[in-house]
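Q: Listed below, chain by chain, are the residues.
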Amino acid sequence: MVTLAAALSLSLLAAVELGWRIGGARASYIESPARWAMLRERIERSEHPRRTAILGASRILFNLSLETFSQRHPEVPVAQLAIAARGPLATLEDFAYHSRFNGLVLLEFDPESLLPPRDGEQASYLAYYKTRWTIDQSWNLTLASFVEPWLVTRHAKYGVNQIVRNLLARGRLPAAALYVTVRETRQHDADYALANVEWIERNRRAELASRYRQLDSIIESEWPRTLSRLVSAVAAVHARGGCVLLVKMPAQGSPRQYHQRAFGSATYWSHVLKAVGAYGLDLTAAIDTLGLPLADSMHLDHAYQRPFTDLLLDYLDALAVFDPARACHPGASGLPLAGQQ
Amino acid sequence: MNLGLLAFFKYGGFVLENVTLLLGRLGIHYQPPPLDIVLPVGISFYTFQTLSYTIDVYRRRLQPCRSFLDFALFVTFFPQLVAGPIVRAGDFLPQTAREPVATRAHVGWGLSLMILGLFEKVVLADGLLAPIVEAVYDSHLTPSPLASGTATLAFAGQIFCDFAGYSTIAIGASMVLGFWLPDNFRFPYAAIGFSDFWRRWHISLSSWLRDYLYVSLGGNRGGTLTTYRNLMLTMLLGGLWHGASWNFVIWGGLHGLYLITERVLNRVLGGWRIWRTWLARVALCALTFGGVCLAWVFFRAPSLQRSLDILRGLLPYTERQVFVSQNDVLITVTVMAGLLTAHWILRDSTLEHVASRTPVWVRVPVLALMLLAIFLSPGEDRAFIYFQF
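Residue numbers (our numbering), protein chains in the order written: chain D, 54 to 394; chain E, 48 to 436.
There may be inaccurate statements among the hints.
[To be verified] Just the calculated beta-carbon pair ranges, DEER-fashion:
1) D:L63 to E:Y105: 51 to 61 Å
2) E:R72 to D:R153: 35 to 45 Å
3) D:S281 to E:T388: 49 to 59 Å
4) E:W293 to D:E251: 48 to 58 Å
5) D:A180 to E:W293: 17 to 27 Å
6) D:A68 to E:W408: 51 to 61 Å
7) D:A228 to E:V62: 46 to 56 Å
8) E:A384 to D:L63: 42 to 52 Å
9) D:E251 to E:T388: 35 to 45 Å
10) E:W293 to D:S307: 23 to 33 Å
11) E:R72 to D:S281: 30 to 40 Å
12) E:L341 to D:A180: 22 to 32 Å
Calculated directly from the structure, the hints in this document are not laboratory data.
Idealized CB from N, CA, C, for every residue including glycine.
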């Protein structure tokens with residue numbers, strides 16, 4: 054009887070898989086704390102002096118092509134540790150105070166995502182890495198990695214929970230198209246041709262309006278403390294011979310306006326770079342020069358990841374940060390603070 | 048020796064923390080170094096198993112086991128090692144005296160139970176209910192009455208599906224290996240009264256507490272007040288067994304209070320005929336479920352303060368900061384309505400009985416759909432709740 058049930062469920066699964074694929078669904082690795090923890094552990098264990106950890110939120114996650122990175126610098130191990138919609142300060146502090154990491158940290162710099170309450174948003178991933186990332190979890194991930202790129206139905210979007218929620222809310226199944234797919238390296242490829250950009254932007258406008266309204270009251274009281282945490286964390290990495298680079302990711306439209314209004318460049322970029330003693334790359338203007346469109350005012354379509362990553366790497370190469378023989382932060386060798394590139 | 052190990056590993060930090068607090072209140076500032084004790088997996092379960100063996104041998108109810116390997120198998124039998132059911136030596140050791148037999152029927156039924164248990168855990172507990180519970184209980188903000196109510200109701204479902212799911216998998220896996228384990232749940236949310244609830248919920252623990260603690264304290268042999276004291280002590284220690292925290296003590300204390308109140312009311316009103324009517328039975332069942340849910344608040348909340356926040360959230364005048372979506376409410380109500388109805392319909396039956404009366408053409412598609420739902424339930428990896436105990 055159980056054999057019969059197993060055969061029947063396999064047939065049903067095949068039918069469901071086929072149905073989703075006909076509807077346009079694509080298989081993808083699944084974003085999870087386990088995949089993040091695997092990369093976090095791998096970069097921790099690497100001995101390469103310029104191994105690179107990318108920290109931040111969705112912009113540095115969606116805009117960068119790790120494939121391009123590896124092609125340009127095949128010898129440099131790189132870990133994509135940015136997490137969409139979560140401020141990176143907790144992860145930076147973990148690298149600073151609870152790790153021996155002395156490689157290169159590319160930190161997406163967005164003051165709003167560093168302030169409370171967003172400063173602790175990546176804590177759950179860290180907690181998973183610290184307390185639950187064990188050998189059995191590693192095996193589970195390895196097994197899952199065999200299946201995920203082949204089966205659409207392994208993705209949570211097509212799971213029972215989402216199906217039930219969509220049926221209850223809209224009376225229909227979830228839309229088949231998955232506009233962000235994830236690679237094994239956690240490179241996120243966003244195909245905005247499949248996304249409802251208008252809906253995304255409308256929601257973001259509402260979210261930003263609410264978030265920045267609350268910000269007014271906390272910037273004054275919280276920013277000095279946040280800056281002090283940032284300075285200490287960067288100093289701790291630098292003291293071990295490592296290096297932190299601040300990267301200001303581009304934005305257009307209302308996100309850019311909100312950001313410029315709340316976080317003036319003189320105080321929140323130039324001053325911060327001086328305070329932390331780090332190189333900084335402001336890619337806002339560069340993206341305009343290159344003419345790369347931000348599909349939803351904040352993120353690049355995956356078609357533009359390569360030129361954007363090339364641009365970033367050109368800047369990094371100009372600073373020679375991948376050369377272990379050279380200092381990768383201005384304070385290390387008494388260089389004048391280079392600041393904005 | 049058994050209890051000493053449990054006391055050190057599980058309660059060492061808790062005792063130290065409270066002693067420090069108490070000394071602080073007395074003006075003595077003592078700051079001990081943190082113990083950082085790593086809790087051995089399943090210690091609460093195998094401590095009780097080995098205790099029952101020792102006591103049964105002492106009481107001459109059981110012959111001492113002559114084989115170290117058999118005894119080791121009894122203590123470390125992997126299907127139930129981490130979260131029960133708590134197996135008595137008298138039930139398990141005789142099974143080691145013969146070759147384990149797993150007939151085709153045993154394997155089939157064992158696998159069916161494993162599928163059912165996985166369905167309860169993966170689809171219902173983790174997939175549908177846990178996110179709703181976590182959004183409210185793990186937040187620091189005050190929930191709305193609807194959020195408090197929905198999350199608590201969802202937790203009632205989650206803890207049942209999680210724990211009963213594990214027990215069902217354990218029983219099924221044992222059966223496939225040719226061993227029999229006792230039932231741990233018997234449709235508990237259909238209980239009429241709290242003593243009935245404890246005959247249906249975590250049966251292996253409640254019967255252990257009854258036989259080795261409540262009876263040893265004197266049970267109901269020493270008069271009314273002594274009986275009430277014994278009930279309360281048993282439930283308080285039962286609560287503390289779950290973890291070193293005041294929340295578990297309060298949870299146990301509430302159940303002790305429920306049991307005492309039930310006994311008092313039973314003495315006064317128990318003779319009335321009205322209790323035998325269908326409507327009264329349903330009302331009593333609902334009342335029992337309500338009391339159980341109220342106690343679950345303390346069981347689930349990460350701190351005493353958070354328990355009070357959740358309870359305060361149920362009141363109409365508090366400022367609301369955490370809400371639940373209409374979907375969350377619908378999912379919770381639908382799952383719980385299904386669960387409660389199933390418990391009520393099956394309350395005097397067993398799964399084996401139901402399965403044996405169900406035609407194959409119904410059982411096969413049901414099992415197939417459960418398997419499909421398990422596969423279609425990827426998501427966050429959540430450990431079984433009782434693993435922490």
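Q: Determine which of the earlier numbered hints do not hold for this structure and return their numbers in increasing order.
A: 6, 8 and 10
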